[in-house]
Amino acid sequence: VQINQRGKPSSEALLLSSIVNANIAKVYLDQGELAIAEQYQQEAIASAVKLNNPDIQAREIAALGDMAELGGDIDAALVHYLNAKDIAKANHNKPLLADIELRLGKTYMELSNYTPALVHLQIARQLFSELKLNNKLLRSLLLLGELHINNHENGLAILQLEKAEKIAKQFE
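Residue numbering for the sequence shown follows our numbering, beginning at 1 and increasing consecutively.
These are computed hints drawn from the structure, not numbers from a lab. Remember, predicted model here, so these are calculated numbers, not experimental data. Don't take each hint at face value.
No farther apart than 16 angstroms at their CA atoms in a straight line, the calculated lysine to aspartate or glutamate pairs in the EDC-like style are these [to be verified]:
1) K89 x D55
2) K26 x E43
3) K26 x D66
4) K94 x E130
5) K50 x E12
Required output: the full structure, derived from the provided sequences and hints.
Below you can see the structure in the form of structure tokens.
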């Protein structure tokens with residue numbers, strides 16, 4: 001790690017450290033070593049915090065949420081996602097915020113917690129629509145349709161799925 005004149009790691013070194021640790025975490029995750037992956041992910045977050053880069057910080061915290069969810073710790077995943085959401089929102093990073101809202105909605109769906117799932121998926125849908133990210137908008141609409149089906153709201157499910165179909169046809 002490169003040190004600046006004050007004895008602190010340089011911005012470039014901190015950025016590199018965050019990227020390297022996040023990538024090492026992905027390798028361990030791919031190998032099924034969740035605990036080790038989480039340790040490296042924590043290091044990636046720590047470097048992003050020292051770097052004072054909220055975008056990287058939020059992205060890496062959300063990735064830690066993904067790992068917690070994969071490990072079955074849904075409560076920890078939600079805490080990480082909510083923390084990442086707060087950072088992304090404060091930094092006005094709409095694409096990242098939309099991704100995190102989608103993760104939150106999906107996680108609440110898995111818990112069969114209808115109201116927060118609906119709120120987060122609707123926010124994600126709105127943001128993806130504003131950002132014209134049609135592939136992610138399609139994903140949010142499909143999840144909303146599934147949520148409405150699970151909640152026996154067939155009319156609402158059909159509306160969401162028809163919107164999804166219309167967007168999907170644009171990819172043909």
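Handout entry: Straight-line alpha-carbon gap K26 to E43, limit 16 angstroms
Key = Given that 16 angstroms is the threshold and the Cα spacing comes to 13 angstroms, the pair holds.
Problem - Agreement of K94 and E130 with the hint, judged by alpha carbon distance not exceeding 16 angstroms - result: At roughly 9 angstroms apart (the allowed maximum being 16 angstroms), E130 and K94 satisfy the hint.
Handout entry: Distance restraint between K50 and E12, which requires alpha-carbon spacing of 16 angstroms or less
Key = It holds: about 11 angstroms lies between the C-alpha atoms, which stays within 16 angstroms.
Practice task
Would you mind confirming whether the straight-line C-alpha gap from K89 to D55 stays at or under 16 angstroms?
Solution key: 10 angstroms, holds
Exercise for the section: Quickly compare the C-alpha distance for K26 and D66 to 16 angstroms and report which way the hint goes. Expected result: Roughly 11 angstroms between the alpha carbons, so the hint for K26 and D66 holds.
In this structure, every one of the numbered hints holds.
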